[in-house]
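Q: For reference, the chains in residue letters:
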Amino acid sequence: DAGITQSPRHKVTETGTPVTLRCHQTENHRYMYWYRQDPGHGLRLIHYSYGVKDTDKGEVSDGYSVSRSKTEDFLLTLESATSSQTSVYFCATQGGGADSTDTQYFGPGTRLTVL
Amino acid sequence: GEDVEQSLFLSVREGDSSVINCTYTDSSSTYLYWYKQEPGAGLQLLTYIFSNMDMKQDQRLTVLLNKKDKHLSLRIADTQTGDSAIYFCAETLGTDKLIFGTGTRLQVFP
Chain A
1 DAGITQSPRH KVTETGTPVT LRCHQTENHR YMYWYRQDPG HGLRLIHYSY GVKDTDKGEV
61 SDGYSVSRSK TEDFLLTLES ATSSQTSVYF CATQGGGADS TDTQYFGPGT RLTVL
Chain B
1 GEDVEQSLFL SVREGDSSVI NCTYTDSSST YLYWYKQEPG AGLQLLTYIF SNMDMKQDQR
61 LTVLLNKKDK HLSLRIADTQ TGDSAIYFCA ETLGTDKLIF GTGTRLQVFP
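Residue numbers (this note's numbering), protein chains in the order written: chain A, 1 to 115; chain B, 1 to 110.
Because the hints were derived from the structure by calculation, they are not lab data. Hints may contain errors.
As the list claims (entries may be wrong) - Straight-line C-alpha distance at most 25 Å; calculated DSS-like pairs for lysine-lysine:
#1 B:Lys97 / A:Lys57
#2 B:Lys67 / B:Lys97
#3 A:Lys53 / B:Lys97
#4 A:Lys70 / B:Lys97
#5 A:Lys57 / A:Lys70
#6 B:Lys97 / B:Lys36
#7 B:Lys36 / B:Lys67
#8 B:Lys70 / B:Lys36
#9 A:Lys57 / A:Lys11
Claimed, not checked - Which residues of chain A face chain B? A partial, calculated answer using Cβ under 7 Å:
#10 Gly16
#11 Tyr31
#12 Gly42
#13 Val88
#14 Phe90
#15 Thr103
#16 Phe106
#17 Pro108
#18 Gly109
Note that the structure is a prediction, hence the values are computed from the model and not measured. Positions of the beta carbon are idealized from the N, C-alpha and C atoms, including for glycine.
Looking at chain A on its own, in the form it has when it is part of the complex (with noise of 0.2 Å):
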C-alpha cells in the first residue's frame, strides 16, 4: 500500500450543509484522485491532481471542488450536501513516473450518507 489514509471514515450529514473528506499519502506521489464508488457504476473520478495546486475535473465533478495546498494532502469538498451524494469515496494516488504500468493504489475509502 502507498501509506493513504482517509478522513472520516464514516459521515452522516444533512441535506445544504458543507462537507470536506481529507486524503493524506506518505509516499509523495505526484497525482492525487478521487473516486465516488455507487452500486452498477463501478468507480467514477470526480476530480483529480497532478500537483500541488493544479487540479482537473473528472467526468462527474459537478457539486463537488478540491484542493491541494500540499503534495501530501487532497481535499474533497461538497459546498451543498445532497441526498443524491451519499455514496462512498476513494482517494488513490499514483507515482507519476516515467513507467506507465504506475498503478493506483486507493485509500481504504469514506462512506459519506447525506440524510
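Please build the complex by placing chain B on the supplied structure of chain A, with the hints as guidance.
A: Quick look at chain B alone, frame taken from chain A:
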C-alpha cells in the same frame, strides 16, 4: 462513450476455475488492469497486461486479451473462498487516468 462493461455477478464452487469478463472501449489503451476489492476496503491491483500481449499468467491468475474484440478476461484457477470479492477491470485513458468497469462480484461457495 467510455463504458467499460462487466457482468455483475459470478458464483463458483470452491476448487473450480472462475472466469471474469470485461469489454473495454479504447483500442489505444496501453495497459489494462484487474483490481480486487474486498468488503469494506479499497481496490488493490491484482495484475495488468500490456496491450501488445495476448496472455499473461501470474500464479493462479491468467489474463487473456483479445484486442480485435476489445475483450479482456481474468481466469482464477482453483478458486478459494478468500477470492470472494468484487473484481474491476480498468483501462488507461492517457497516462494519468483510468476508466473502471462496473465490477463483478465473485461469490465462492463450498
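Q: Against the earlier hints, flag every one the structure doesn't satisfy and list their numbers going up.
A: 10, 13
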